[in-house]
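Participant: Sequence:
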Amino acid sequence: MSVVALGPRQHPPRHANRVRLVRRRSQPTLTITVDLASGPVSPRLTRLLDLLGEIAEAGEARLSRDDAPAAVADPNAIRILTGPRAVHQGDRTIPLTRIEYDLLLFLAERPHRVFTRLQLLHSVWGYDHAVPRTVDVHVRRLRAKLGAGTSLLTTVHGVGYRLADEARVIIER
Numbered sequence: 695m696s697v698v699a700l701g702p703r704q705h706p707p708r709h710a711n712r713v714r715l716v717r718r719r720s721q722p723t724l725t726i727t728v729d730l731a732s733g734p735v736s737p738r739l740t741r742l743l744d745l746l747g748e749i750a751e752a753g754e755a756r757l758s759r760d761d762a763p764a765a766v767a768d769p770n771a772i773r774i775l776t777g778p779r780a781v782h783q784g785d786r787t788i789p790l791t792r793i794e795y796d797l798l799l800f801l802a803e804r805p806h807r808v809f810t811r812l813q814l815l816h817s818v819w820g821y822d823h824a825v826p827r828t829v830d831v832h833v834r835r836l837r838a839k840l841g842a843g844t845s846l847l848t849t850v851h852g853v854g855y856r857l858a859d860e861a862r863v864i865i866e867r
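Going from the sequence shown to the numbering used here is simple: count from 1 and add 694.
Misleading hints may appear alongside valid ones.
What the hints assert, rightly or not - When the alpha-carbon atoms are kept at most 16 Å apart in a straight line, the in silico EDC-like pairs for lysine to aspartate or glutamate are as follows: (1) K839 / D785; (2) K839 / D796; (3) K839 / E803.
Claimed, not checked - Now the in silico label distances, taken between C-beta atoms and shown as ranges: (4) D744 / Y821: 38 to 48 Å; (5) P778 / H816: 22 to 32 Å; (6) T740 / H823: 31 to 41 Å; (7) E748 / T810: 16 to 26 Å; (8) K839 / T810: 18 to 28 Å; (9) R837 / S817: 13 to 23 Å; (10) T848 / Y821: 18 to 28 Å.
Simulated from the structure, these hints should not be mistaken for lab results. We treat Cβ as the ideally placed atom computed from N, Cα and C, and that holds for glycine.
With the hints as extra help, turn the sequences into a complete structure.
Facilitator: Shown next, in the form of structure tokens:
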């Protein structure tokens, strides 16, 4: 288990010719990473996870776990099931193509990071000799399938795409 506490970001002075695409963190952040694959979960670790769930339910913190408890998980969140390669939103199964699924999973696994179209072509498609606008087409289709009310992918104009800050995505492995 690792614990990382981050205070509000301190930014260097801006340069006239440089634009920063960083979302400012206004409050301190505590990140706790628990490796549950290393063996059975001890009773003390179970108590810790239950307490974190209660804190998240009370609205005092945001819990983001791949295996979030049902009481904490949002029923309208996008659930990505990696085994069957399926995506669900509530009770609805969202039919995605292979590339749409891979693109969504790639961005969901790397929240708050902006990727250029060429980076996405290389990482998701596996090659970068296609037209970069191919990514735009797949993002547009993915947005259409998820519905207009779902804010999931953010366009960073002049750069590329990233997972939206308010996106509610659960990855179930």
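Participant: Next step is simple, just say for each hint if it's right about the structure.
Facilitator: Against the structure, the hints:
no.: 1; hint: K839 / D785; result: holds, 15 Å
no.: 2; hint: K839 / D796; result: holds, 15 Å
no.: 3; hint: K839 / E803; result: violated, 20 Å
no.: 4; hint: D744 / Y821: 38 to 48 Å; result: holds, 46 Å
no.: 5; hint: P778 / H816: 22 to 32 Å; result: holds, 26 Å
no.: 6; hint: T740 / H823: 31 to 41 Å; result: violated, 50 Å
no.: 7; hint: E748 / T810: 16 to 26 Å; result: violated, 40 Å
no.: 8; hint: K839 / T810: 18 to 28 Å; result: holds, 23 Å
no.: 9; hint: R837 / S817: 13 to 23 Å; result: holds, 19 Å
no.: 10; hint: T848 / Y821: 18 to 28 Å; result: holds, 25 Å
Of the numbered hints given earlier, the model fails hints 3, 6 and 7; all others are met.
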